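Asks: Fit chain B to the given chain A structure using the hints.
Letter by letter, the chains look like this.
2 protein chains.
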Amino acid sequence: MKRVGIVGGLGPETCCEFLLAVNREIEQKMGCQADVVMENVAMPHNEMKKLAAGSFSTFHKDILAGAISRLHAAQVDFIVIPCNTMHIFIDDLRKISKIPIVSIIDETAKECLQQQITKVGILGSSTTIQQKLHETKLHSIGIETVIPSREDQSEMGEIIPRIIFEQNTKEDEQTIVSIIRKMKIEGADAVILGCTDLPLVINEQNSVLPIIDTR
Amino acid sequence: MKRVGIVGGLGPETCCEFLLAVNREIEQKMGCQADVVMENVAMPHNEMKKLAAGSFSTFHKDILAGAISRLHAAQVDFIVIPCNTMHIFIDDLRKISKIPIVSIIDETAKECLQQQITKVGILGSSTTIQQKLHETKLHSIGIETVIPSREDQSEMGEIIPRIIFEQNTKEDEQTIVSIIRKMKIEGADAVILGCTDLPLVINEQNSVLPIIDTR
Chain A
5 MKRVGIVGGL
15 GPETCCEFLL
25 AVNREIEQKM
35 GCQADVVMEN
45 VAMPHNEMKK
55 LAAGSFSTFH
65 KDILAGAISR
75 LHAAQVDFIV
85 IPCNTMHIFI
95 DDLRKISKIP
105 IVSIIDETAK
115 ECLQQQITKV
125 GILGSSTTIQ
135 QKLHETKLHS
145 IGIETVIPSR
155 EDQSEMGEII
165 PRIIFEQNTK
175 EDEQTIVSII
185 RKMKIEGADA
195 VILGCTDLPL
205 VINEQNSVLP
215 IIDTR
Chain B
5 MKRVGIVGGL
15 GPETCCEFLL
25 AVNREIEQKM
35 GCQADVVMEN
45 VAMPHNEMKK
55 LAAGSFSTFH
65 KDILAGAISR
75 LHAAQVDFIV
85 IPCNTMHIFI
95 DDLRKISKIP
105 IVSIIDETAK
115 ECLQQQITKV
125 GILGSSTTIQ
135 QKLHETKLHS
145 IGIETVIPSR
155 EDQSEMGEII
165 PRIIFEQNTK
175 EDEQTIVSII
185 RKMKIEGADA
195 VILGCTDLPL
205 VINEQNSVLP
215 IIDTR
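Top to bottom, those sequences are chains A and B.
When you line the first sequence up against our numbering, it's residues 5 to 219, in that order.
When you line the second sequence up against our numbering, it's residues 5 to 219, in that order.
The set of hints was computed from the structure by calculation and includes no laboratory data.
What you are looking at is a predicted structure, and each value in this text was computed from that prediction instead of being measured.
Wrong hints could be hidden among the right ones.
No copy is singled out in the list; a pair is fine if it fits within one copy or between any two copies.
Simulated pairs of lysine-lysine, DSSO-like, Cα-Cα distance not exceeding 27 angstroms [said to hold, decoys possible]:
| id | residue 1 | residue 2 |
| --- | --- | --- |
| 1 | 6 | 53 |
| 2 | 65 | 33 |
| 3 | 65 | 102 |
| 4 | 33 | 53 |
| 5 | 136 | 53 |
| 6 | 33 | 54 |
| 7 | 186 | 123 |
| 8 | 136 | 114 |
| 9 | 54 | 6 |
| 10 | 174 | 54 |
| 11 | 114 | 188 |
For reference, chain A alone in the conformation it holds in the complex (with noise of 0.2 angstroms):
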């Protein structure tokens, strides 16, 4: 069996669902738990805040790249770093290491060309938005993407720390919603939760779009 590492803690509910996710799939495969370690790396609050909201250095780099080290000496066959936001690094990250990390961003659009859907709604963090991680590597197969107006971005960006932080609210929730409807209108055959924390809010029953789920 392969062995797998997760850098976690980024957030940490959906870190721990994707593991427990990962368990549950190797179960029934294999009547076994998974071989996995987990880096669940120490980020502080209001590094990761900044990080999503835009203002990125190399403190968090280095603190993934420490990860990716650890992972290394753990010798994991590859990592997976259950965050969409982080893969604003991924490039340099896959500089420093041997060992393959699978990238959310490339599956994503794996996932939508073998949907077939030919334009696709992007939520997430104002980060993952403004520096286009999911949209430019969707243009470049061909695959149209209807992002949220800035208006509606700056209310994501406020909205993503707090489902992180367990601090959301109904309304929250609702704006989310709203933002999809809209989405739905400029022709979006789907909707891409673009940060893995999403999925914690919106699901196939409040959505009016399909789901692209990135965890």
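Replies: Then chain B, alone, in the frame of chain A:
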């Protein structure tokens, strides 16, 4: 901040909840994610079932010893194993570990003392009960114990693997609730959920006795 090593996967749901609880605790106290490395061990299901049923061997100990050794390499400050049954090996594991391993058994006994409990019910896997993991420790500090009857323990032995692998029924919950009721009649002040997966079905709402949660 201290770096925690967790031996995970036994069972998977509890370990993920435990990791999340550690993150939430550190978040509140330090405004930061926790510095944790979790070794999720690839224990086969049939071996987990054998182990819970009383048939343990060096095979199981070796899997744990491997995880302990990898956590040494990962330079943790202390190690936790969120599984009561696995504590049958704790003396051997402590012998091979230069890093402290926290014992659920010792911590549970301390908690009973602190709560001034004089007689306590114990629920757990057949191994935990047969090997008197909690009983011996509790008796050594003057706390009386109540364990399920042979027939009831036989049922518990069937139910626990179903809880771990998500196949338990409402009837299973009612069986445990009724065992706890008998413990109350026998004079227990509280009940130790001496299997970290039991809180997935037993809680302060459906238990007639106050709960000592071992997670």
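Asks: Any of the earlier hints contradicted here, and which numbers?
Replies: Those not satisfied: there are none.
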